[in-house]
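Q: Which chain is which? The protein sequence lines are A and B, in order. Using the working numbering, you'd call the opening residue of the first sequence number 1 and step up by one each time. Using the working numbering, you'd call the opening residue of the second sequence number 129 and step up by one each time.
Note that these hints are calculated values from the structure, not bench results. A couple of the hints might just be wrong.
Unchecked claim - Derived pair list, reagent style DSS-like, types lysine-lysine, alpha-carbon separation capped at 30 Å:
1) B:K210 x B:K494
2) B:K237 x B:K138
3) B:K494 x B:K456
4) A:K128 x B:K253
5) A:K103 x A:K10
6) B:K410 x B:K494
7) B:K398 x B:K410
8) A:K128 x B:K410
9) B:K494 x A:K10
10) B:K151 x B:K210
11) B:K151 x B:K410
12) B:K497 x B:K210
13) A:K32 x B:K456
14) A:K32 x B:K237
15) A:K103 x A:K32
16) A:K32 x B:K210
Said to hold, decoys possible - Here chain A is said to cover these stretches of chain B; the calculated rule only asks that three of the stretch's residues, wherever they fall, bring their Cβ under 8 Å from a Cβ of chain A:
17) 387–398
18) 448–454
Every residue, glycine too, gets a C-beta built ideally from N, C-alpha and C.
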Amino acid sequence: MYPDDRRYTKDHEWVQLAGDRATVGITDYAQKQLGDVVYVELPEVGRALKAHEPFGTVESVKAVSELFSPLTGEVVEVNAGLPGAPEGINADPHGGAWMIRLKLADPAEAEGLMDAAAYTALVAAEEK
Amino acid sequence: MDTAPGTLRKTPLNAVHRELSAKMVAFGGWDMPVEYSGLISEHMAVRQAAGLFDVSHMGEFTLEGPGALSFLQRVTCNDAAKLTVGQAQYTALPLPNGAPADDVILYRKGESSYLMVVNASNTEKDLAWLRSQEPRDCELADRSDAYALLALQGPRAQEILQGLTSIDLPQVRYYHFAEGTVAGAPATVARTGYTGEDGFEIFVGPDAAADVWRAISAAGAERGLKPAGLGARDTLRLEAKMCLYGNDMDETTTLIEAGLGWIVSLADGKDFPGRPVLESQKQAGASRKLVGFEMVGRGIARHGYPALMGEQAVGAVTSGTYAPYLQKNIGLVYLPAVRSAVGTEFDVDIRGRRVPARVVPTPFYKRAK
């Protein structure tokens, strides 16, 4: 069920690569764990991020969750419509509710992330 | 607080929740449903139609015997002498410092027979405290295992329940109760709740709980009823500004500070721990006060976040959430009494970021009568 056109992190984020650009969002599993999302905070364009560095927060009615940059790079675009309509994260986590686009420092860094099969296995293990 | 899942206690409705694929969490030592279809849709169902909650984790004590009332007058702060048979009362168990050991609902079931419903996580503590106050000429018993408790809340609660019960519900006034049957099972039905809506709390034996739940669900399905979890229960009670023990009050906050002066009776015959403190705070005012606020800036305040005025930390948020019906970010905070008037502006420290907030009138939400 997880699209195989992208890679995944153990923090339940997805990364879709196109050359040296990476689009980042949270997975369907992550939004289900959170419940109804009511708030999202995203970084400014131009922000330099290291892999694993927090870049924002997403909050459901009950929980606060930090967002971590999956890779090292610079924020070149943010989904500006998302903070005004955070419920989109529940409705379309793998599509319209993407969060940021990075210009990667080193596209090869993405090879360390999981593919869809590995991520599906991770989710299956967590759901047990 | 979190314990391994295997050690959590289960209510008689645990299997029903799992059939409904509820998201389960540990709460006060219990394995409880936090949401079913989604917190916001459950919250809205209760405001607009009805919601059905399992609150069987709550503790129940019985107090029976000729000395019951005089014991209650010594251990609770509201005036238990005012209760008629069939009436319920919101009250608390004050400690010598004027803070509550717990807030409870007291039901007068007979001439000298009372039922006390206590918070789940306080059940053992409350029982030990009450025993230490030495009940005389009455029997105090923990009967928590003898009851399942369902809350049916919302504007359509009465029409849903009426077809299932022998009790004439319009005759049951707010904070009153009646005995009868629900879906064929012996039940006590009280017009009480924790949501700010009309509704009922239904006590049944544990063996009948699943059948009663299913009967109410079936009767409510066409009327917009949804099963609702602890998540919606928390946002509903906060919109109605009902305090949550352990969040908005505890053993360090007096009942007056928590805004519960209305349940502190100074009538003759009321001689409870903490009365001198509460009496003087009732007259002179407490130095701090629990008030409601709305976020002015973007962000959700959460329990424990500091409240700032200038460079000074002046208090802490006790409850904070996105309010699904009001579509605002709201909360409760202890502020210095002299700086707590409606309209007062302060900042909430949201994980290192200062976000403006403003004291507002409460309750945040009040249903139309």
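Q: Out of the numbered hints, which ones does the structure contradict?
A: 4, 8, 9, 10, 11, 14, 16 and 17
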